[in-house]
Amino acid sequence: MMREKRMMITVCFFMMFFVLLLTGQTGKAVAAEKVLVIGTTLPLSGPAAGWGLGLSRMNDFFAEDINKKGGLKIGKDVYKIKTVSYDHKGSPSEAAANATKLVSQDKIQYLIGGVIAATGMAILPVTQPAKVVTTSLWWGKGIIGSDKPFSFRQTVSQMEIAPAMYAWIKKNNPNIKTMAQINPNDTSGWDTAAAVREAAEANGIQVVAQEFFERGTKDMYPFLTRILAKKPDLIDVGATTPGDGALIVKQLYELGYKGVKAWTCGTNPIEIIKLCGDEAAEGLLFAYGQDLNGPNSSPETRALSKRYMAKFKEPLAPHHVTSYAMLEIFAQAMGKAGTTDTTAVSNFVEKTKTFNTSFGPFVLVGKQKYGIERQFVHRMMLAQARGGKPVEIEWLALPGLGLPKY
Amino acid sequence: MDITLLFQGGLNGVMLGLNYALIALGLSLIFGIMGIVNFAHGEMYMLGGYVAYFLIGRLGFDFISAIVGAVVVIGLLGMLLEKIIFRPLTLRPKEALTSMIAAVGLAWVLQMLAVICFGDLDRKVPSTFKGIINMGGVVITKERLVTIIIGIALVLLLNLFLLRTRMGNAIRAVAQDKEAAALQGIKVSRISALSFGIGCALAGSAGALMSPIFSVSPFLGGEVILKAFLVVILGGMGSIPGAMLGGLVLGFIESFGSLFFTVPTVSAITFSLIILILIIRPQGLLGHE
Amino acid sequence: MNKKNKASYIVYCVILAALFAVPLITREPYVFHILCLIGINIIFACSLNAILNIGELNLAHAAFMGIGAYTSTILVMRLSLPFWLAMPVAMLASAIISLAIGFLTLRFKGAYFLLFTFLFAELVRILLSNFWIDIFGGIPGLTNIPRPSITIPGLFHTKFSSNIDFYYLIMILVILTVFVMRRMDTSRLGMLFRAISQSESLVESTGISATRFKILGCAIGCCFAGLAGSLYAHFVGIITPNDFSIHAVLAPVAYVVVGGMGSIYGPILGTSFLMVLSHFYLRQLGLYELLIYGVVIVMIIRFMPEGLISLPRVVSPWFSQLSRKE
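Those protein sequences? They're chains A, B and C, same order as listed.
Under my numbering, the first residue of the first sequence carries the number 627, and numbering increases by one thereafter.
Under my numbering, the first residue of the second sequence carries the number 37, and numbering increases by one thereafter.
Under my numbering, the first residue of the third sequence carries the number 33, and numbering increases by one thereafter.
In isolation and in its complexed conformation, chain A is listed as follows (with noise of 0.2 Å):
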């Protein structure tokens, strides 16, 4: 009796698995008005939250603007915006189910906003072949390629600002030999000390000392001491986020340290000088340091700030809002060309070129480098820190890349 009770029970359990299995879809039916879905795969939480989630909501932002305006119009049909934004918790395996998810069950065709490389080799792999479109953040050679032309960057990456800042650095500051760097240790830490070694011992720079810290260290002063005895003009700290960025430059404070500093694919200044203190910041070198809420950025991009800070309290950062100029793009693309159908809409983006968005020109390169146009240059800022806030200095010179002068 026992046993064909459980027996019993075993097999209703597997039915329950089974129904929630195949009505646990999120695909929803046809609705008598156009929707257009815009899908992004994130972290939402765990450590590189400070990027997913500020890239997810420009997506909402958008969705919300247009919207407000009455949907956007492709050919004969107007089209209403809808996001969807799944966590992948820093995963490949998740993002890659993410992206099938995606994919399949919401029929995204624009997936827009990626942070972590690794997550961005797994996702590829599902976009690519359904076409979808896909915009990025995902640093590293393997992601733009002619075999796979639906994957966009939308921000410069380490490899177009590092030569673009130590040029600057050298040509401002001509004395300095010697440098340091130190960066997370995982990808876009790696593929930043190449790229900045690079560009620094192109400017006659060399680098003494390199370091690749834990993620969740927070006690520098063990690897510092040992910077510090090679005695470098310049440390840069790369790849860091604003929290490590600001406890390194802290501890490089009150460890003596009086060269010169350089944050060259820092993210958000404001943070970092807020977590470090005005005294220890001062000095500090930004790539990405415009301030949207001052006279270089449009009256577009000042509201974004204005409302972002409004409603999430945190300040909105440049590389946020490349993915609001991403949706513009192609927004305008999908207008222009008549249709959302990728290939069509990827071929205009690519004839056109250059856009004007909200956040300033953008223009599409990459021919030489990837072997197809697929990255997205844009004006970058450089400031610096002082007196406790990042004062822009100047546009930083980004040659060769088609970026209109300014």
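Output of the computed footprint for chain B on chain A, the stretches with three or more beta carbons under 8 Å from beta carbons of chain B:
1) 668-676
2) 834-846
3) 875-886
Straight-line alpha carbon distances no greater than 35 Å define the calculated DSBU-like cross-link-like pairs of lysine-lysine that follow:
4) A:K695 to A:K774
5) A:K995 to C:K191
6) A:K939 to A:K708
7) A:K979 to A:K699
8) A:K939 to B:K178
9) A:K856 to B:K160
10) B:K263 to A:K900
11) A:K900 to A:K803
12) A:K884 to B:K178
13) B:K263 to B:K160
Here are some, though not all, of the chain C residues that point toward chain A, as calculated from beta-carbon distances under 8 Å:
14) E60
15) V308
16) E321
Worth flagging that the hints you see were computed from the coordinates, not collected in a lab.
Since this is a predicted model, take the numbers as computed values, not measurements.
For each residue, glycine too, the CB sits at the ideal point set by N, CA and C.
With the hints as your guide, set chains B and C onto chain A.
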């Protein structure tokens, strides 16, 4: 190698080691008394930091009061969680594993609650002690010095409690031999609850203590638990002096190692050394058995 | 063969048939993607459970999955071996390394073994991340791992590029794993393992070396972890050291504990339930997903510490109360 470098390395080791030791104390205590691997320990540290953030940053308390506040809040939280989640589990078989996974689930919940309530960005806790002390090239900030002093005081307080008070003696008795302690009339369940609370309070106090130096973030827990685990393994599970010694040893290995090698190499060396120590002495440096 | 066994055979056949018939009900790629991941995790969870039944918790189990994954990948991508050869070699590699570690560590009692596995797992992660980067790929890991392919000339050719094809492969391997585990469970070896988990000293006193059998049991378990790893690598297409870290192993351990330890069905139930919950129901909640997932795990463990598999036992008093009322 410059002699000042070695001294700086030593000083770094003290700070690092004390940090590790304070984090691991609570974990060791909980493991020694209840046999529970508290994977939510890191989150207690994190929440202690946030308590300090609120008390110092928003309400203007002073440093010591903030630490006391963290001890009280996190200690009470620990006792509450012990009562509603962990105690019922200890009455069932395989409680080591079930309570471990319950703690894992709890850790995820606490981490996400922190993100929802406090946002995902790091937050700065205002420092009370500004200024740097430079002794001929060897540097320590006033803040770190005070932290070390308070940290040592906390450990001494803990030892005083365990050695001199009735409650403390009862805890040590239960840690040594549960049955014998019960035979002496000690209410083991009450002691377990108290120990869990104290263990969490220790983590919370460590978090509060370190918060002005290192900022607070909801994601601190993950790394903290790994380091705490390491120290407890090295020092011996359930041993308070073991946690202290293990923390300091680990701190010094990392600190001196970093003077000569890059971080990944130091990590590899550290782990290999600890494995070696364990093969020779599996109960850890000061563990029982 | 009496009626009881016949009934259970029929149930098994029905379940098997249902599993193979899923592609007839739906062709959704996402469903099969998740089913494949569930299958891989079931193999992992069942092997973890097998080791648990010997009385040990192996926190390094994910590291052995990683060893299997990296071995299989390197053999296929560097040495151009076919997947069908690489997979068994990967399983063997995990088993052999487990034997080596076992000799070192299984001398120590329960909790110390746990801590040792922790150290081992972290050391493996550090080594894979930072050393021999040309072979292991470092932190970026190894990418573009190809799916397996079969060519039976004249008859049949597939590159397993569709999730549905891979699902069949995984399904067969899951069934094989469950079958082997079940056989081991009910065999004399299984009895010995259970005896060891209850009282090692008693076993030793009968003249059997408990340690040797523990090492054997762990090696068998790790062998299947290697299988799970190999399948994972060729399914997802990219492996990084962090995929096999301590933090990564906690999720499958949760599957086993929530499902129910001891029997083979617990891990299957726990894995299926939690993964379906997470991917199909909670994923759209964004920020709240991990929160609710954690709450679910804590609730289940708190109120059903023996796992979901004990649901009948928990619920039957209510049923008998109801029937008594009538």
